Amino acid sequence: MPDGSARGSTLVAVLAEPKRLGATRELLGAAAVLAGQVGGRVCVVVPSPLVAPATLGAWGADEVVEMRGGSLAGDVAAALAGWVELRVPWALLAPASSWGREVAARLAAHRGEGLVGDAVGVGVDPGSGRMVSWKPAFGGSFLASITSSSPTQMATVVPGFLPVLAPRRSQPPGLGSLQVQSTDRVRLLRVEHADDPGALAAARIVIGVGMGVVPGEYPTMCELAAALGAELAATRKVTDRGWLPRSRQVGVTGRSISPALYLAVGLSGKPNHMIGVRGARAVLAVNSDPDAAVFAWSDAGIVAGWREALPPLVSALVGLAGSVQSRPG
Amino acid sequence: MTLRVAVLVKSVPRAEDLALGPGNRLDRSRPAAETNPYCRRAVAKGVELARDASGTCVAFSLGPPNASDVLREAVAAGADRGILVSDAAFAGSDTLASSRALVAAIEREGPFDLVLAGRSSIDSGTGQVPAQVAELLGLPMLSSVRAMTIAGRLARAECETDDGFHESEVRLPALLSCAERLCAPAKVTPDQRESVPDGLITRVSAADLGPGPWGAAGSPTRVGALREAGSDRLCRVFAGPVAEQVQEALVVV
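Each protein sequence line maps, in turn, to chains A and B. The first sequence begins at 79 in my numbering and counts up one residue at a time. The second sequence begins at 574 in my numbering and counts up one residue at a time.
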């Protein structure tokens with residue numbers, strides 16, 4: 079019998095982040111699968127308000143605990159520490175976002191729990207009945223399985239890697255609440271949202287840019303993307319420099335995306351980035367170096383500079399889309 | 574006022590030299606290591622803040638004996654001294670065991686007004702250690718700091734978030750983790766690094782920090798089996814005139 083299921087109320091907990099419905103849904107789906115495997119129930123701890131409890135139930139939650147009183151990471155971690163002490167979840171999943179990482183890391187340190195950061199998948203080890211988290215290693219060319227020996231097994235999961243499951247028919251989830259004590263240790267003066275984090279996740283065509291596209295070329299790149307109805311994504315180095323917002327970072331420490339077509343432009347093709355587009359239906363790379371690593375991660379490779387190759391490629395794709403749309407029936 | 578700054582510095586393998594060690598942990602004994610790029614920002618900012626406030630800047634690193642190189646670099650870049658937290662007993666530390674060892678070393682050398690760290694490391698990359706150190710020290714944290722000022726006992730910073738940034742204020746003592754855009758990285762020549770006197774680097778052992786448990790024994794996570802995460806793409810690469818390549822590529826995708 080899997081470890082923990084003997085307790086009778088094996089709990090798989092999910093931490094939901096304010097405003098992040100997509101990531102919450104992915105985590106709840108994974109939690110429901112885990113709970114099914116260990117004979118447990120899913121409890122989601124949500125900032126209030128997030129979304130109707132019935133929706134969370136359809137996504138996989140058997141119980142909804144609303145947090146009240148604040149959402150600063152340090153304060154939420156302190157409140158969760160008390161909640162975890164009381165409920166002793168078998169596992170706790172959180173989004174690998176800047177907020178989720180801080181809450182999870184603080185909570186794990188406070189409680190002494192094992193935490194796997196930036197997991198791309200979770201499952202149950204059939205032998206031990208423990209949770210296994212899969213995490214990219216060695217630049218993304220391997221996945222390492224990591225387990226925790228602590229009472230609560232924690233993981234942050236990179237958005238976009240977990241499958242989105244169809245809504246299930248479910249009983250309305252049980253409701254509870256959790257009071258967060260606001261300490262005011264961090265005083266928030268101003269919040270700027272520079273980007274819609276959902277736009278990239280929803281795009282059918284994505285142009286991924288690396289250091290081969292310099293800041294002065296972004297207007298051109300944006301025009302090409304607009305012509306295609308595409309969104310821009312980027313490597314870590316690009317978002318580190320602030321040429322595109324952090325929400326555009328694709329890869330192990332960013333997010334995973336699954337567009338119909340990913341155009342890799344001006345990037346070398348490091349596994350840590352390319353692993354983030356494994357769900358793309360097709361990948362087309364443009365690089366002037368015929369030996370560039372990106373071609374090993376692509377379906378088709380055009381050996382040319384992107385300044386030369388991308389405009390005719392975009393025109394051809396636009397023409398193709400037009401002819402598909404005008405086809406009768 | 575004076576400002577006592579602690580900077581956490583991680584020695585990371587150069588990307589092309591990543592290799593597995595015993596127990597599927599990263600092999601950190603290989604010589605080709607360098608300072609994690611985000612930690613270079615933490616060193617540069619820590620040195621600058623300490624200098625401006627007539628304060629002190631102490632660099633800490635947990636790692637094998639050759640992690641002393643990144644501390645020498647920090648001292649060559651202006652830090653007053655370096656604390657090397659190194660012992661065979663620390664082998665196999667996960668982020669929690671690493672954070673506990675760093676915290677014990679910081680408490681032994683402290684108190685500090687400000688702890689600076691990189692936003693994450695490029696080898697494991699989770700960014701857990703800064704938050705876990707902050708938690709264990711009981712400090713507030715601002716993460717992925719891209720701009721900051723200190724006035725008296727208040728630190729004000731612009732912090733990168735997933736979809737933009739926020740500007741926040743914390744009262745010291747606090748921990749701030751540094752993003753790439755915070756400042757230019759601290760860099761020194763190999764000669765400058767080698768000229769740092771041995772006496773400015775203090776090695777701290779597990780016994781100096783208490784009973785533990787340290788290392789693998791104090792780590793709640795275990796690394797198990799690895800599987801290859803290769804590409805399953807078609808990998809058709811074309812040549813010739815661009816117009817023809819475009820047509821061929823479109824047929825494939």
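Hints listed in this document are in silico derivations from the structure and should not be mistaken for laboratory results. The model shown is predicted, which means the values in this text are computed figures rather than measured ones. Be a bit skeptical, because a hint or two may be false.
To be verified - Derived Cβ-Cβ restraints for the label pairs, each shown as a range: (1) T298/A with N639/B: 44 to 52 Å; (2) P814/B with Y296/A: 49 to 57 Å; (3) T298/A with D781/B: 22 to 30 Å.
Unchecked claim - Covered, in the sense of this in silico footprint (three residues per stretch, anywhere, with C-beta under 8 Å from a C-beta of chain B), are these stretches of chain A: (4) 99–106; (5) 113–123; (6) 243–256; (7) 280–287; (8) 291–301; (9) 320–333; (10) 371–383.
Ideal Cβ positions, reconstructed from N, Cα and C, are used throughout, including at glycine.
Now the hints, each set against the structure:
1. T298/A with N639/B: 44 to 52 Å: 46 Å Cβ-Cβ, so the 44 to 52 Å window holds.
2. P814/B with Y296/A: 49 to 57 Å: Cβ of P814/B to Cβ of Y296/A: about 28 Å, so the range 49 to 57 Å is violated.
3. T298/A with D781/B: 22 to 30 Å: 58 Å, violated
4. 99–106: violated (count 0)
5. 113–123: violated (count 0)
6. 243–256: violated (count 0)
7. 280–287: Three-residue rule not met by the stretch 280–287 of chain A, so violated; n is 0.
8. 291–301: violated (count 0)
9. 320–333: This one holds; 6 residues, not fewer than the three required, reach chain B with a Cβ under 8 Å.
10. 371–383: holds (count 10)
Checked against the numbered hints above, the structure breaks hints 2, 3, 4, 5, 6, 7 and 8 and satisfies the rest.
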